[in-house]
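Enquirer: Please put together the full structure from these sequences, using the hints given.
Those sequence lines, one after another, are chains Z, F, S, D, A and V. Its first residue numbered 972, the first sequence is counted upward by one per residue in this note's numbering. Its first residue numbered 972, the second sequence is counted upward by one per residue in this note's numbering. Its first residue numbered 972, the third sequence is counted upward by one per residue in this note's numbering. Its first residue numbered 7, the fourth sequence is counted upward by one per residue in this note's numbering. Its first residue numbered 7, the fifth sequence is counted upward by one per residue in this note's numbering. Its first residue numbered 7, the sixth sequence is counted upward by one per residue in this note's numbering.
Everything labelled a hint here was simulated from the structure, so no lab data went into it. Check each hint, because a few of them may be wrong.
As the list claims (entries may be wrong) - For lysine-lysine, the following BS3-like pairs were computed, each having C-alpha atoms within a straight-line distance of at most 27 Å:
id, chain 1, residue 1, chain 2, residue 2
1, A, 463, A, 182
2, Z, 1005, V, 79
3, Z, 1005, V, 325
As the list claims (entries may be wrong) - Which chain S residues face chain A? A few, computed with CB under 8 Å, are given here:
id, residue
4, 1016
5, 1018
6, 1022
Claimed, not checked - Selected chain V positions facing chain D (in silico; Cβ < 10 Å):
id, residue
7, 44
8, 265
9, 267
10, 299
11, 309
12, 310
13, 483
Glycine included, each C-beta is placed from N, C-alpha and C at the ideal position.
Each chain, letter by letter, is given below.
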Amino acid sequence: MKLITAIIKPFKLDEVKDALKATGVQGITVTEVKGFGRQGGHTETYRGSEYQIDFIPKIKVELVVDDGAVDTVVEAVKAAAVSGKIGDGKIWVTDIDRLVRIRTGEEGADAI
Amino acid sequence: MKLITAIIKPFKLDEVKDALKATGVQGITVTEVKGFGRQGGHTETYRGSEYQIDFIPKIKVELVVDDGAVDTVVEAVKAAAVSGKIGDGKIWVTDIDRLVRIRTGEEGADAI
Amino acid sequence: MKLITAIIKPFKLDEVKDALKATGVQGITVTEVKGFGRQGGHTETYRGSEYQIDFIPKIKVELVVDDGAVDTVVEAVKAAAVSGKIGDGKIWVTDIDRLVRIRTGEEGADAI
Amino acid sequence: MRIKPKLKYVIGGAVGAAFSALAIAGPAFADENADAIASLSESTNLLWVILGAILVIFMQAGFALVETGFTQKKNAAHVMSTNFAIFGLGFVGFLFVGFPLAFGGFSYAGYFGLDTPMNAEPLIGSGNWAFLWKGWDHLGSSASPALLAFFLYMVAFMDTVATIPTGSMAERWKWKSFVIWGLFCGAIYYPIFAAWTWGGGWLGKTWDTMGLGVGYVDFAGSGVVHAVGGAAALAGAIVLGPRIGKFGPDGKARAIPGHNIPMAMLGCFILLFGWFGFNAASTFASSDIQFATVAANTAIAGALGAVIGMYWITFRTGKPDPGMMVNGMLAGLVAITAPCAFVSPWAAALIGSLAAIIAIEAVFFIEKRGIDDPVGAIAVHGVGGTFGVLCVGLFANGVYGNGWNLAFEADGTTPIELKGLLYGGGLGQLGAQALGVLVIWTIIFGIAFGFFKLQNKFTKGGIRLPAEMEIEGADIPEMGVLAYND
Amino acid sequence: MRIKPKLKYVIGGAVGAAFSALAIAGPAFADENADAIASLSESTNLLWVILGAILVIFMQAGFALVETGFTQKKNAAHVMSTNFAIFGLGFVGFLFVGFPLAFGGFSYAGYFGLDTPMNAEPLIGSGNWAFLWKGWDHLGSSASPALLAFFLYMVAFMDTVATIPTGSMAERWKWKSFVIWGLFCGAIYYPIFAAWTWGGGWLGKTWDTMGLGVGYVDFAGSGVVHAVGGAAALAGAIVLGPRIGKFGPDGKARAIPGHNIPMAMLGCFILLFGWFGFNAASTFASSDIQFATVAANTAIAGALGAVIGMYWITFRTGKPDPGMMVNGMLAGLVAITAPCAFVSPWAAALIGSLAAIIAIEAVFFIEKRGIDDPVGAIAVHGVGGTFGVLCVGLFANGVYGNGWNLAFEADGTTPIELKGLLYGGGLGQLGAQALGVLVIWTIIFGIAFGFFKLQNKFTKGGIRLPAEMEIEGADIPEMGVLAYND
Amino acid sequence: MRIKPKLKYVIGGAVGAAFSALAIAGPAFADENADAIASLSESTNLLWVILGAILVIFMQAGFALVETGFTQKKNAAHVMSTNFAIFGLGFVGFLFVGFPLAFGGFSYAGYFGLDTPMNAEPLIGSGNWAFLWKGWDHLGSSASPALLAFFLYMVAFMDTVATIPTGSMAERWKWKSFVIWGLFCGAIYYPIFAAWTWGGGWLGKTWDTMGLGVGYVDFAGSGVVHAVGGAAALAGAIVLGPRIGKFGPDGKARAIPGHNIPMAMLGCFILLFGWFGFNAASTFASSDIQFATVAANTAIAGALGAVIGMYWITFRTGKPDPGMMVNGMLAGLVAITAPCAFVSPWAAALIGSLAAIIAIEAVFFIEKRGIDDPVGAIAVHGVGGTFGVLCVGLFANGVYGNGWNLAFEADGTTPIELKGLLYGGGLGQLGAQALGVLVIWTIIFGIAFGFFKLQNKFTKGGIRLPAEMEIEGADIPEMGVLAYND
Ligand SMILES: Nc1ncnc2c1ncn2[C@@H]1O[C@H](COP(=O)(O)OP(=O)(O)O)[C@@H](O)[C@H]1O
Ligand SMILES: Nc1ncnc2c1ncn2[C@@H]1O[C@H](COP(=O)(O)OP(=O)(O)O)[C@@H](O)[C@H]1O
Ligand SMILES: Nc1ncnc2c1ncn2[C@@H]1O[C@H](COP(=O)(O)OP(=O)(O)O)[C@@H](O)[C@H]1O
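Expert: This is the structure we're talking about:
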């Protein structure tokens, strides 16, 4: 099993969620994060002094999928999250040793 | 070393923490997340229009443990977090290459 | 590629970010988390009753780097985040199977 | 049965008159006492006007909180700032242009329907405490305290109009376009209908010109303030179009919950508080004890609006939606504003209850038409205010307000009674009220719509924020700072 | 030494009386002056009552913020909404049922201890500005401004009672059960003790019937409002039981910090502000300049309560807990409410200081008994109010209030002095106060307890929220929306 | 042209005097009427003072919100709590020490420059409603309502001074050190300059002693309250030093955005609301209808300050910074506070506009000097207040205030005119004002600076929070609870 992590723009979340649903994904976990990257920050002034807004709000989407589903899912996220503008984010895939569904104790693919 | 990640219901956090303490775990890191899953969301109306609450507040617990402790820890989390109702969450385990304690620079099991 | 995850003290974020920039890192993702560890919590009283502040605000920094950069980056984070006092946090490194830049579809090292 | 002399805004009228009669009759020392009484009465009346003005000015905080609470976090600094800045912007427009227009009008006599040039003879006055206006005298050293009190009360009412569209147009309105609205509303938009009604204009004279009751009656402004503001709110919301995501691909409205419900409820309480100044101080004299009836009627309508609103939305959607409870109370308050001095408490209770139901239904209706009003301003102020204006023609009980607008029977001495349909007043008064409503929703709405359309055309990129800014939130790009920072 | 005629609630009494004497003596023109003076005095008195009512109504916002700030984020829309809705719910109950009950009472003469049928003769009146009540006349066209002012002031006081239990019962109370409390409180609960004291009932007559000082005295309601509200708060908290997690497995209380401390502190400031209307306008006449003394005493007690509260909690737990600073100020304000017109500033300072200490200790005491009161309502209002009632019997200095409750010596002309134990008044007045306290904590508490117990029994699932909803937070399941959304 | 007798704080003067003359002349029944009129006038005047005091006390909430909104989340409970506690702390100091010092001063005659011992003869009085002070009489049974009204109004002003430094010193000030400031300010710091000006001291006499206009004039306290508070704010900010991270390694100021912009804006609205009590009720009599002019001028200056502040900051940095809009309005309000009764509306507009620009530039200037003032208190209150004091000497129009400070020409009967430079008053009045400014920024600033320096020296670890606490946030270590909890 693999854990797919995607950093996306916040307003793309609905589209990504719908795209994932469409590929049959049944669960995802989402976190509000802040990103720093090529997109860069910007300088604002507040009460006359400047300050740097380095970190831009992003959403992290995490989902565990069966090995076979990885490609489809990555494609789905990519397609839904892309705007073509800088700062669209990243997707990365990690290997998972073990997965448990707490409610039932099921493990592995059954637990997804 | 392994990284154990658990998505649990928020009100189970105290019990999970106590259970982990009981197994000798000395540190955990916790994040507020939102989950989408079988539990489903629900539709509410606000000012007369409907809206979908897809995402349900969850807590993500992360902890790095020695390989030998994985099973005990997973069991402890499972036991403490289970309510038997849909939406209890997941636990997954990932492999860790390296662990460093920032304060001392210790590495590996010493750093846990 | 590797995913480096660091749990640090919140007020160290600026220094860590600057240190990472200096090593040539171009992007990071940051999450507000709460940590429980050796640092321990403390007991406060509110309206006369006691309550336990177990969880201390921490910052999680995540960044994907090329295998070759791992050591430099870990060193940089360590150096910037250390205060020498208990609760400085942890760094761990995980293996990444795949990395995609959403905007361009680039993969692997190009996507960092 | 108390008779109000001439126009609405007279300070110290009754007591002053009593005093004049007396002054002639008594010996020297009695004169001095009578003088002292008149002076004391007038100073206390002025105090009430100032207290009322202060309360109405504080309503700005209420509007700001309601509107900001009912909109999204990403725009909270923007929405709050429009509500903050509008106070000064409208004020400036009114100070330099609008006040003379609304309540002076000598050089605009023909156009605005005012027939008594101010510089020839006081339009509004009562002896030595007169509200006079002569050119820009209210800015100079000779401005009397009474004139300035009148100005202050009136500017506060104008600002209420100005701030209503900041609700319906929230979350997608360019700051620089908004700024122009503020100035325009204070200088031109509000003064027009105010002049035609409270300023001595033609709508108040329809008892004479058209035989309609005592002419258009609007005690504290369900029409002059709220419906006029609601008309602009509608015009602006149409010109801007709905927020991105408000309507699904199927055209169905989707809720975008406000980011801070307690904030909106606090705002509603502040509005309730300030509303007592809005309505009760509109007697313009503490010596006219009808202010107590007005205050009670105001509270009754607001309370019933909140309760019936709660039951109605529960009946409609299953839960006591906090947003609709707020709208229910506000609708009750808006609707009682015109009739508050003229109706019995039972009618106030009924008006408040009906207003809540009507406003809630109006929210549904407006959304179904594809119009996006994040805070319900059109329903509450526009629809609720319209209903309130009509209620005068339905529920006025003839106890107070007879001879309003200086309306006398042919004999020139018998004041015309102010009675609604339910008290045997026939259709006359209702007709006067309906005419006022018609003017608001045709001419006044037209002016607002034309203003926003033209502004949209001549502003580079239009008056709506670029989509990206709307999506990311207006706070950083427009204001330079988020509402909430860690 | 000023004497207050008959009952507490008389508008324009003193001046009116002076005028009556005069009116007979002087020639025609002097009569007219005297007439004008009386009218002016009475209208200004009415203004003060209305201003007071407005201030008290605004206190609703203060209660809402204090209670919401001191409870958890997950219930913030729910707690705020109960505090919002209670205003209208209590209002409706009082408008249609409670007001007649408390201040009319002609058909309830026997039951409520009122012996002068309202429809026979005014219970409360002062000549032509009388507060009369005849049936539901306050709803009809003949309702006088003075009667409506009286109603408005009284309804605001009732709402304070109604809102106190929303604090102690917060975070676990079903909305639909809460709604019934609101109606019940306005219609029945509050009016009972109000009738027995301010309504002319038996407790005010104990100077005659039992020889206790001037009878039960409660200037602005430490007892009638706060202790009565606190009794209901205690009853409700007992019936509901503590929030899940409030008490550890060891039975020890665990703190559940409020979600927004600045919100609670803002609420406390609003309460302080409104309290001046609560206390100072309870002179019911601006011509009774004791209102200034009342205002100063109120501020002194609140300030001292906050400061001593801060020191006391620092002494007890090591830090100047913001929650306890708020409770300290509120306890000072609650306690001074009954004695504010009758005590010297030094006593106000002492009363405020002691009240803060007593309320803080009461918080500890109540928690130790396993009762969960998230905001300290029982300690502040119940205990603080009780202490305030007793303070009249301790600190009344005999300067003001002699002849209160129309209490005269056997000769029928010498007013009985209102003096506390410390001013040589003996135990009489203290006895009257203690009797009032006893009634509140037996009969009145019993009624509240019975009400909640019965309601709990006859409501499907009881009046407490299901555990899941309590754990997840009441906002979504009960109100349909979270308090805070992004 | 109205003449104010003797000193600023006289209640019922004018009408009372008229009455006295009358009382002698008329027959018996006329006397009774005149008596009733005087009594009514005086009670209404007292009502206005009490209402004013209430409004000023409510400003505490405004300060609390502005300061907390403009600072960081991690310190929000701390900043809010200092603003909460200061009310009581300053109050206690003033009640027991400061009030006698400022307005009695009999035993401090030589030192504080007061030359009429209070216990010999009333310093401030007007016949039977006199404000007398004799020892601690304001705490005892013989304290008159009028004296207590005066106390209440004055204590509210003092608290404004006390709370100003909580802004400039926020986020790094130890609680226990702050507590001592609160007591010191109420007891000593504020009373000094108040005694020298409003208390009858030497600055008000410079018309006589130095031939400067009518002597130092400060209607409602641009100087006595705001500049004096601003001076302490500057002293405290210097002694504490800047917050960690405020200045970069390059010495350049870095913005630390406030954590809650809507909160700050709500606070500003509350301040605007309360400011009407601050300024308009400073006529100390509703019978002096100049209060209406004052209210209008106050609103005008605030509105213009907000608008011009918005334009100015947009011009300077490109965006309508919400923080600077707030500061602009407040600067306008602060600056109009001294001249509000003496200037024409056009001048009020100009003063408000200039004040906004000056305050914004002052923010830049102060930061460039390496001084960290998180909320702009020094710029708004210190600089804006100083500007306001000088404006009296520039814009006073001679319509009101002639003979202020009992300043008469050599003939002893012709009141000296109060005219600024622009109205042909020459440099005399400006000189008096400049002298006041000089005293504030030398002696008074020196006292504040000395106080904080000494306190810093004698407090273990100094008056500044340890760096760790500052970095982690002061809420948990100092208050025991975070401002915001889930
Ligand atoms: N190396 C990285 N490791 C972790 N997160 C990254 C990394 N690079 C970028 N990100 C995340 O992706 C977001 C977008 O990256 P950015 O470089 O701005 O643009 P793009 O996605 O177009 O390359 C960043 O805001 C950050 O959250
Ligand atoms: N495939 C998945 N990947 C990541 N997180 C998941 C996944 N499926 C579920 N979750 C998380 O677990 C939570 C509970 O899952 P859900 O399907 O609702 O019920 P259950 O835990 O009973 O299977 C979700 O809210 C989500 O946060
Ligand atoms: N085993 C662990 N797994 C995950 N996170 C941990 C673990 N141990 C500690 N942490 C995180 O690191 C933070 C610091 O750890 P702590 O034990 O307090 O001190 P130190 O870093 O000095 O060892 C904790 O607050 C927690 O967020």
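Enquirer: With reference to the structure, classify each hint as holding or not holding.
Expert: Tested hints:
no.	hint	in the structure
1	A:463 / A:182	holds (14 Å)
2	Z:1005 / V:79	holds (18 Å)
3	Z:1005 / V:325	holds (25 Å)
4	1016	holds (4 Å)
5	1018	holds (4 Å)
6	1022	holds (4 Å)
7	44	holds (8 Å)
8	265	holds (5 Å)
9	267	holds (5 Å)
10	299	holds (5 Å)
11	309	holds (4 Å)
12	310	holds (7 Å)
13	483	violated (18 Å)
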